[in-house]
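Asks: Here's the letter readout for the chains.
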Amino acid sequence: AQKVTQAQTEISVVEKEDVTLDCVYETRDTTYYLFWYKQPPSGELVFLIRRNSFDEQNEISGRYSWNFQKSTSSFNFTITASQVVDSAVYFCALSEVTGYSTLTFGKGTMLLVSP
Amino acid sequence: EPEVTQTPSHQVTQMGQEVILRCVPISNHLYFYWYRQILGQKVEFLVSFYNNEISEKSEIFDDQFSVERPDGSNFTLKIRSTKLEDSAMYFCASIMGLAGTGELFFGEGSRLTVL
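Chains as they are written, first to last, in this note's numbering: chain A, 1 to 115; chain B, 1 to 115.
Simulated from the structure, these hints should not be mistaken for laboratory data.
Bear in mind that the values here come from a model prediction, so they are computed numbers and not experimental data.
Backbone N, C-alpha and C fix where the C-beta goes; we use that ideal spot for every residue, glycine too.
Each hint should be verified, as a subset may be incorrect.
Stated by the list, open to error - Some, not all, of what chain A presents toward chain B, calculated at C-beta under 8 Å:
1. 47
2. 48
3. 102
Unchecked claim - Label-pair distances were calculated between CB atoms; the ranges are:
4. B:50 x A:2: 13 to 23 Å
5. B:81 x A:112: 30 to 40 Å
6. B:38 x A:46: 13 to 23 Å
7. B:10 x A:69: 33 to 43 Å
8. B:59 x A:112: 27 to 37 Å
Make a model of the complete structure from these sequences and hints.
Replies: This is how it looks when you write it as structure tokens:
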């Protein structure tokens with residue numbers, strides 16, 4: 001069975017600080033996809049990134065970066081120079097490649113960025 | 001940008017009543033999903049739908065739940081006799097192919113409150 005663990009329930013930072021959100025996953029599949037979603041206070045789920053398990057290259061998108069370490073089954077997310085608008089719940093998720101691509105979500109990390 | 005739309009955004013109902021949540025997936029997408037998020041908890045998979053039939057469902061998706069694609073555009077989730085514990089945000093999602101072939105788009109959610 002698949003499992004996603006986000007051990008950090010809530011993180012509070014001050015604006016402009018860097019923050020890393022941890023994600024550890026378990027799967028028996030050799031090929032899978034990893035995702036990060038942002039859920040702002042308005043409630044919708046905003047897609048941030050999808051990563052194929054074969055691609056361990058780190059990715060940077062503006063202030064966001066992702067560190068995928070297959071050896072430790074981790075897919076951590078770093079926000080550089082955080083802003084108040086980054087305040088949200090962030091979910092890490094895992095999807096199998098076979099079957100119907102059901103997403104297994106972690107419990108989420110609430111990020112509070114204060115001015 | 002194409003989007004998944006859901007109605008209603010919020011519904012309040014009495015326990016035991018039937019509820020239908022509606023979704024309009026992105027027009028050229030083939031796979032449709034419903035997920036549920038109880039307040040403050042993680043997002044959980046309910047059901048996937050492909051080629052006019054359920055392709056996969058979770059333990060949560062019991063006989064009280066049903067899904068339908070009554071026409072070429074709508075995708076509905078029906079709860080036959082609502083219980084207090086059905087109170088949650090329900091997300092519809094769609095994808096063109098399976099997870100490896102594109103992004104899974106989520107709607108903004110329908111909040112169901114059962115009194």
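Asks: Please go over all the hints and tell whether each is borne out by the structure.
Replies: Results for each hint:
The beta carbon of residue 47 of chain A comes within 6 Å of a beta carbon in chain B, closer than 8 Å, and the hint placing it at the interface holds. Using the Cβ-Cβ criterion of 8 Å, the hint placing residue 48 of chain A at the interface with chain B is not satisfied: the shortest such distance is roughly 11 Å. The beta carbon of residue 102 of chain A comes within 5 Å of a beta carbon in chain B, closer than 8 Å, and the hint placing it at the interface holds. Here the CB-CB span from residue 50 of chain B to residue 2 of chain A is close to 20 Å, well matched to the stated 13 to 23 Å.
As the Cβ distance of residue 81 of chain B to residue 112 of chain A is approximately 39 Å, the hint placing it in 30 to 40 Å holds. Between residue 38 of chain B and residue 46 of chain A the beta carbon distance is about 20 Å. The supplied range of 13 to 23 Å therefore holds. Range check, residue 10 of chain B to residue 69 of chain A: about 41 Å between beta-carbon atoms, so the 33 to 43 Å window is met. Against the hinted window of 27 to 37 Å, the Cβ-Cβ separation of residue 59 of chain B and residue 112 of chain A comes to about 33 Å, which satisfies the hint.
Violated hints amount to a single one, hint 2; each of the other numbered hints is respected by the structure.
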